[in-house]
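**Student:** So you can see what is in the structure, the chains are spelled out below.
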Amino acid sequence: MIEAEEFETVAETTRPHRLQRVLVLVLIAALMVLPLWVYPVLLMKLMCFALFASAFNLLLGYGGLLSFGHAAFFGGSAYATAHALKVWEVTPELAILAGVGAALVLGLAMGLLAVRRQGIYFAMVTLALAQMFYFFCLQAPFTHGEDGIQGFSRGRLFGLIDLSDSTVLYYVFAVVFVASIFAIWRIVHSPYGMILQAIRENEQRAISLGYSVQRYKLGAFVLSAGFAGLAGGLKALLFQFATLTDVNWHMSGEVILMTLLGGIGSIAGPIVGAGLVVTLQNYLATTGFPVTTALGATFIVCVLLFRRGIVGEFRHRLAVRRKP
Amino acid sequence: MTMIFGVPLVVLTGQLLIGLINGSFYALLSLGLAVIFGLLRVVNFAHGAFYMLGAFTAWMLGQYLGLGYWGALVLAPVIVGLVGALVERTMLRRLYDLDHLYGLLFTFGLALLLEGLFQHFFGSSGKPFSAPAEMKGILRTDFVTVPIYRGWVVVASLVVCFGTWALIEKTKIGSYLRAATEDSTLVQAFGVNVPLLLTLTYAFGCALAGIAGVLAAPIFQVSPTMGSNMIIIIFAVVVVGGMGSILGAIATGYLLGIVEGLTKVFYPEAANIVIFVIMAAVLMVRPAGLFGKEY
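Listed in order, the protein sequences are those of chains V and S.
So for the first sequence, our numbering puts the first residue at 8; every next one is plus one.
So for the second sequence, our numbering puts the first residue at 602; every next one is plus one.
Hints listed in this document are in silico derivations from the structure and should not be mistaken for laboratory results.
There could be a bad hint or two in this list.
Reference excerpt, derived from the structure (chain V facing chain S, CB under 10 Å, subset only) [what the hints assert, rightly or not]:
no., residue
1, Val40
2, Pro42
3, Gly126
4, Leu145
5, Leu302
6, Val327
Listed below are the simulated SDA-like cross-link pairs for lysine to any residue, each with C-alpha atoms no more than 20 Å apart in a straight line [what the hints assert, rightly or not]:
no., chain 1, residue 1, chain 2, residue 2
7, S, Lys865, V, Leu145
8, V, Lys93, V, Ile168
9, S, Lys865, V, Ile168
Quick list of simulated restraints, FRET-style, between CB atoms [claimed, not checked]:
no., chain 1, residue 1, chain 2, residue 2, range
10, S, Pro869, V, Tyr199, 41 to 47 Å
11, S, Thr746, V, Tyr218, 55 to 61 Å
12, V, Glu320, S, Met885, 38 to 44 Å
13, S, Arg642, V, Glu320, 51 to 57 Å
14, V, Glu320, S, Lys771, 54 to 60 Å
15, V, Val308, S, Ala734, 42 to 48 Å
16, V, Tyr46, S, Leu699, 36 to 42 Å
17, S, Leu768, V, Arg193, 54 to 60 Å
18, S, Arg642, V, Leu167, 30 to 36 Å
19, S, Leu699, V, Leu115, 27 to 33 Å
20, S, Ile774, V, Arg193, 55 to 61 Å
21, S, Leu699, V, Arg324, 18 to 24 Å
22, S, Leu759, V, Gly158, 39 to 45 Å
23, V, Ala36, S, Val860, 38 to 44 Å
Predicted model only: the values in this text are computed from it and were never measured.
No residue lacks a Cβ here, since even glycine has one placed at the ideal position from N, Cα and C.
Build out the structure end to end from the sequences listed, making use of the hints.
**Tutor:** Now the structure itself:
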C-alpha cells in the first residue's frame with residue numbers, strides 16, 4: 008500500500024497564474040532564439056531528456072507510481088524508430104510514429120502486469136520486466152546486439168523538409184517538445200488527471216467512490232510510456248543510432264533522478280532536472296570523474312536533504328513567504 | 602550413457618547443479634532482502650552492491666593483506682556488515698517515517714555510488730579469485746561431476762540460510778525481531794532498544810549479502826557490475842516469493858535457480874529471461890506472490 012500523502016508533491020492550481028503565463032511565453036521565445044548562442048544538438052538532447060522526464064513524472068508525480076522500467080519505452084522506441092528509418096525507409100514522422108506505437112504496445116503489456124502490484128512491488132516488477140526486454144534486445148537479430156542500429160539518414164519530414172540540417176531539425180524538435188509538454192499539462196489538469204491525483208492521494212477512497220483504480224493507473228502507465236517513446240524516437244532521430252544503452256536499467260535510474268532533482272509532481276520540475284543532469288553528465292565526461300558515482304551521490308543528497316526538488320523547494324519558499 | 606528426455610544424464614545433473622549454485626546465491630540474497638524488509642520496510646536496492654562489496658573485500662584482503670579464503674570468508678562479511686551499520690546509522694534511519702519509495706530510491710543511489718567508485722578505482726574487468734587449494738579437485742561419480750568448491754557453496758549456503766531461519770524463529774533475539782516487525786512501538790515500550798535492533802538487522806542483512814559475495818568470488822570473477830546484474834534477478838525472485846516469509850524467500854531462491862539451470866538444457870536462448878517470465882506468470886495467476894502477504 009503506497010502512502011501517497013507522505014509524498015512531498017507540490018499542489019498545483021488549476022488555472023495558471025498570470026506570472027506563469029508570462030514565464031511560459033518568455034521560455035518559448037527563448038527556445039526560439041537559443042540556438043543562436045548554444046550548440047543546437049545539445050539543446051535537442053536536453054529536449055529529448057526533458058520530455059522523457061516529463062513523461063516519467065506524469066506517472067510518478069500525478070499517479071504516484073514509481074516505475075523503474077522506463078528505459079524499455081525510451082530505448083524500445085529508439086530501436087523501432089531506427090529500424091523504420093533504416094530498413095523500411097519511411098519518412099521520419101512515420102518512423103517516430105512507429106516508435107511511439109511500439110512504446111504504447113510495450114507499455115500496455117508491462118502495465119497490465121505491473122498494476123497488479125502496488126508501491127515498492129510495482130517498482131520491482133517494472134524493473135524486472137524492463138530487464139527482460141533488455142535481454143530480448145540483446146539477443147534479437149534486428150537490434151544488432153552490441154553494435155546497435157546505426158548508419159541511416161534522417162530523411163525528409165513529410166517527404167519535403169530535409170532534416171539533415173541541424174537548425175531545421177531544431178525547430179521541428181522545439182515544436183514537438185512544446186506541443187508534448189502542453190499535452191501533458193492538459194492531461195494533468197483534465198478530469199482524468201484529477202481522478203488520477205485523487206487515486207494517488209487516497210486509493211481506498213477513490214475505489215469507494217466507484218472509480219476502477221486499476222484502469223486509471225494502466226491508462227497513466229500507457230500514456231507515460233507513449234511520451235517516453237516519443238522522447239526515445241526523437242533521440243534516435245537526432246543521434247542517428249539506437250543502442251543497448253537506451254534500454255539499460257541505468258537509463259531508468261537517470262530519468263528518476265532527473266524528476267527527483269527537479270521536483271516530483273510539477274510540470275517544470277522534470278525539465279529543470281533533466282537540464283541539470285544532462286549538463287552534469289556532459290561536464291563530467293570531460294573531467295574523467297566517474298559519472299555513475301556522481302549520479303549516485305546526487306540521488307542520496309536529494310532523497311536525504313531536499314525531497315521537494317529544486318522547483319518544489321522554490322515554490323515552497325514562495326508559498327511560505329506569501330502566508331506568514 | 603544414460604539419457605533422460607533425450608539429454609545425457611551427466612549434462613542434466615550438471616546443469617541442475619549449476620542451477621542449484623545460482624539458486625544458493627538467489628536464496629542467500631533474497632533472504633537478506635526479506636529480513637531487512639520485514640523489520641525496516643526498506644527494499645534494499647544496494648543489496649547487490651553489498652554482495653559486490655563482499656567479493657571485492659575478500660579480493661582486497663587477499664591482495665593487500667595476504668589473507669586466505671577462509672580468513673576472508675569470516676572477515677569480509679563482518680566488514681560489509683559494519684559498512685551497512687554505518688549507512689543505517691548515518692543516513693537510512695532518517696527515511697523510516699517517509700514513504701517506502703524513498704528508502705528504495707536512497708539505496709538505489711547508494712548502489713550507483715558504490716558501483717561507480719569500484720569501477721573507477723578497479724576498472725570494469727573481472728579480477729580472478731581462486732578457490733582454496735584443498736577444494737580445487739573434482740568429485741566424479743557415474744551420474745554427476747561436481748567441482749568440490751561448487752558443492753561447498755551449496756552446503757555453505759544451506760547452512761547459512763537455515764541458520765538464519767533458526768536465529769529468527771528459535772532464539773530470544775529473533776523473537777524480539779519478530780515482535781518488532783509486528784509492532785515496534787509496543788516492543789520499544791517493553792524496554793527493547795528498537796533503534797539498535799534496526800541497525801543490527803540492516804547490518805546482518807548486508808553481511809548475508811557479503812557472505813554470498815565471498816562464496817561467489819571464486820566462481821564468477823570479482824567485478825564492479827556483478828551486483829547490479831544480480832539485484833534485478835533477486836527482485837524478480839522476491840516478487841515471485843513475496844517478502845513476507847523467511848522460508849518462502851529461501852525456497853523460491855533455490856527453486857528458481859534450479860528452473861533456470863534446467864532451462865539452459867532444454868531451451869538455452871530463454872535461460873536469462875526465464876525467471877522474469879515466471880514472475881510475469883505468477884503476477885497473472887497469483888499477484889501477491891507464492892508465499893506473499895500484500896503490504
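**Student:** Just to be sure I understand the hint, the distance between the Cβ atoms of S:Leu768 and V:Arg193 should be within 54 to 60 Å; is that true here?
**Tutor:** holds, 56 Å
**Student:** Against chain S, is V:Gly126 within 10 Å by beta-carbon distance?
**Tutor:** holds, 6 Å
**Student:** Kindly confirm whether 38 to 44 Å is satisfied by the beta carbon distance between V:Ala36 and S:Val860.
**Tutor:** The hint (38 to 44 Å, Cβ to Cβ) is violated, given that V:Ala36 and S:Val860 are roughly 59 Å apart.
**Student:** For the pair supplied as a hint, S:Lys865 and V:Ile168, confirm whether the alpha-carbon distance does not exceed 20 Å.
**Tutor:** violated, 51 Å
**Student:** Is it true that the C-beta distance of V:Tyr46 to S:Leu699 lies inside 36 to 42 Å, as the hint says?
**Tutor:** Holds: the Cβ-Cβ distance is about 40 Å, inside 36 to 42 Å.
**Student:** I want to verify a distance hint. Is the separation of the beta carbons of S:Arg642 and V:Leu167 within 30 to 36 Å?
**Tutor:** violated, 57 Å
**Student:** So, as I understand it, the hint says V:Pro42 touches chain S; can you test that by seeing if any CB pair is closer than 10 Å?
**Tutor:** Violated. Min distance 33 Å.
**Student:** Do the Cβ positions of V:Glu320 and S:Met885 conform to the proposed distance bound of 38 to 44 Å?
**Tutor:** holds, 42 Å
**Student:** Verify the proposed pairing of V:Lys93 with V:Ile168, using a straight-line Cα cut of 20 Å.
**Tutor:** holds, 18 Å
**Student:** So the hint says 54 to 60 Å: do the beta-carbon atoms of V:Glu320 and S:Lys771 match that?
**Tutor:** About 49 Å separates the Cβ atoms of V:Glu320 and S:Lys771, which means 54 to 60 Å is violated.
**Student:** Range hint 55 to 61 Å: satisfied by the CB atoms of S:Thr746 and V:Tyr218?
**Tutor:** holds, 59 Å
**Student:** CB of S:Leu699 to CB of V:Leu115, is that within 27 to 33 Å?
**Tutor:** holds, 32 Å
In the structure shown, a violation is registered for the earlier hints numbered 1, 2, 6, 9, 13, 14, 18, 22 and 23, in ascending order.
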